[in-house]
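Student: Start from chain A and add chain B according to the hints.
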Amino acid sequence: MAATIETLDTVAAVTEGGYKWGFSTDIEMDMAPKGLNEDIVRLISSRKGEPAWLLEWRLKSFAAWLKMEEPDWAKVTHPPIDYQDLHYYAAPKKKPGPKSLDEVDPELLKMYEKLGIPLRERAILAGVEPEEGERPPIAIDAVFDSVSVATTFKDTLAKAGVIFCPISEAVHSHPELVKQYLGSVVPAGDNYFAALNSAVFSDGSFVFIPKGVRCPMELSTYFRINARNTGQFERTLIIVEDGGHVSYLEGCTAPQRDENQLHAAVVELVAMTDATIKYSTVQNWYPGDADGKGGIYNFVTKRGACRGARSKISWTQVETGSAITWKYPSCILLGDDSVGEFYSVAVTTNRQQADTGTKMIHIGKNTKSTIVSKGISAGRSDNTYRGLVRIMKNADGARNFTQCDSLLIGDQCGAHTVPYIESRNPTAKTEHEATTSKIADDQLFYCRSRGLSQEDAVGLIVNGFCKDVLKELPMEFAVEAQKLLAVSLEGSVG
Amino acid sequence: MNAVSQTSLQASAQGFLARYEGLRHRLAGDTAAREAGAAAFTRHGLPGPREEAWRYTGLRPLAEIEFHEPVVLLADASAQFAALGLPDGPRLVFIDGRFRAELSRLPENIAITTGAPAFGHLADNSENLVALNTMLAEDGAAIDVAPGVDAGTLLIVSLGADAHGKPVSFHPRHAIRLGAGASLTLAEINAGTGVYFNNPVITAEIAEDATLVHLREQREAPGAFHLSTVFAEIAARGTYDSFSLALGGRLARVQVHARLAGEHSMAHLNAAQLLGGSQHADFTTVVRHDAPATASRQTVKNVLTGRSKGVFQGKIEVARIAQKTDGYQMNQTLLLSRDAEIDSKPQLEIYADDVKCSHGCTVGELDADQLFYLRSRGVPEREARNILVRAFLSEALDPVTHDAMRAHMEAAIAAWWEEAPT
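Heads up: the protein sequence lines correspond to chains A and B, in order. Just so we're aligned: the first sequence equals residues 9 to 502 in the numbering used here. Just so we're aligned: the second sequence equals residues 1401 to 1822 in the numbering used here.
Chain A extracted, bound-state conformation (with noise of 0.2 Å):
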């Protein structure tokens, strides 16, 4: 039962409390210089050793990007981002390609002991059986600052046909994919933080599940940011042909660090008849100190296009980290009865500001879209939920159901509703609800008198809280995320 073990392990060791997460690990890198210009988009491309179609491509992108202005619209304050001041590019010095875990350096594999992740091909590799009745296991593949370092259970993988790799590595693979698929859900110049994203992301998974195949198991992705002023970029791209299915689980986390990093990734994601994504979301990029300093500048797209009819994907983010979330995870819905899902939590604490939601097209015809967000301040943070619910012409039939719920804690703290609902077709239905409260005397003093201590009885009333979102979470994100919650609401109370 290891997964169980080091889900056990990973609790108890959040349950200390405070970032664990932040450390840093002696690595020797191969950074580029500071700064960006084309040479730099030119360096990363020669770097990965790529195709001419994607260096023009990047370079398209970056051309795009110098002619745009950042967005200021969120609701989120911070001083002007230095561009110049970042490296575009940070890879582990290694000997080309680790062909097993054997070959990464084992300062890596330290890391990712510390981060209790379940990095479990060791054991694998090692001929070790997995015992009966366990539950199916899961393949991961990490991405350390812009590189991914290892992706485990390829082969059991391959056999079912399913294509999990670094993103840099299906470029070479499966260039035909790569090239028909990249872009295609979010254009190279779709937004400011996309274009910057499309010249100069480095690696990040990509996975294709064939026609009628089920992913054999979870997959998941692992990021850390962990070189001083480097920015990550990361691009994943999955997708899944007619009657496909996957779930897949992304993990962030990063050193603790007195200058703000940058993190502008974009995640596309593509499901065709009948097919269905599940994607989830535990962030926990480190959200600066109690008074903001550091922690990670969250400028995130991603997007996930419904093309076929019946497809079906859903997003569930557990939103703890970054000093800045800007992260709006979207569904095209233009196949026929296609069906979008939006689920998150979002907790801010200390001086964090988060500025998320969803946006939800309705295309095709009996289209379904849930959003269902649960929002949560305390200290002096600002969160807001911002979302769009779009009804085309042509929607007949389409239904959407919206429920945002805020919970303030503490009166420094702002909480913000934000939903734009644009309906063009009568026989489509629209309904969105939104609450802002705070925790009922009642429930606390109910959870003080029996027993319970005061941080205690709000754990678990905001447990009960975001209970509809948690609840759409795999096993183990799920337990992770409510002792994150947990943690990351100590000290907020009084």
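Hint data in this document are derived by calculation from the structure and do not stem from the laboratory. Keep in mind the model is a prediction, meaning the values are calculated, not measured. For glycine and all other residues, C-beta sits at the position ideal for the given N, C-alpha and C. The hints are all genuine.
Not everything, but these chain B residues come out facing chain A in the computed CB check (under 8 Å):
id	residue
1	Ser1737
2	Ser1744
3	Leu1748
4	Thr1762
5	Gly1764
Tutor: For chain B alone, coordinates are given in the frame of chain A:
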């Protein structure tokens, strides 16, 4: 941004500024206030589609028309005036933005000054159209109700008419002040003929324990533009109850800023927008809870037919100090045709923790089960739809307790339904 629309908005703003240069020495009232408005309008111009507050209401159709200074034609206006079927009682009549004493009936218990714009103290020139109003305001009414006086009902009628086929614009500016414990029902009717642009700004200062009921009926001419802005500030235990009915105009927007400044003050901002053809109407509110234990209620209903477009933007802001705030907002839309469109943006911005705030928003067509129920009891289709639409609207009309105004509005809604294509 679209380069063409940018240019036409700028050109239109230049036109208004040029008119101000020509008129500035002839306009009555506070010159300093006017100069400040002109400076703000020079800075801001007309709002473009990239301004968040204007993302759903584009002013390009307005910018493409050149508006002139009004020339009042008395005969035409009198005929129109008779056709309105106004309730009895005191009234202030404005034609093309100018006060007309011969058509008005002044009340005895309210101090009213006309002949110059009443700028008041609440208007915010950072709103583009408020700056435009402040710069060009020709006339208006200063309405003062002394403390403790129950002033009954006062009607403000605005009639617009183009000048021999030339489009005109006018910018009425009214200021209302209610002393402590005073009460007033202010009913507005906006109507007209031809192509014109009515850009009124109304400020309302409501003192402790005072109550202002503000009923607005907008039935401008089909070619008209109506962009109005209200600023209300409510002191402790005061009440601002409003209902805004939008039926007319080609492009209309009603913007209400209500600030709950004293403890236990209350604001009610209701609206109904009934649109057809290619009409566009926008109801935008900002309610700011700036004191503890304040309450706000908003019920906004849209009924859209034809190719019309309805917009609702409602923002509830709760300041840190405003603990025990109770804010509620409901926006419901019936789309009765395939080409109608609704854009809704309810917003909460909350900085206090002990509050109860919620909003809801629904969009759909008439419930097929309800229609079937009525039809199965022998109610003809059109009548059945009428019953359901009237039932849908009734909640929004709650603040309209004044019998004559209620009847007038009900009649206007019935007339609209008669003509609505279904």
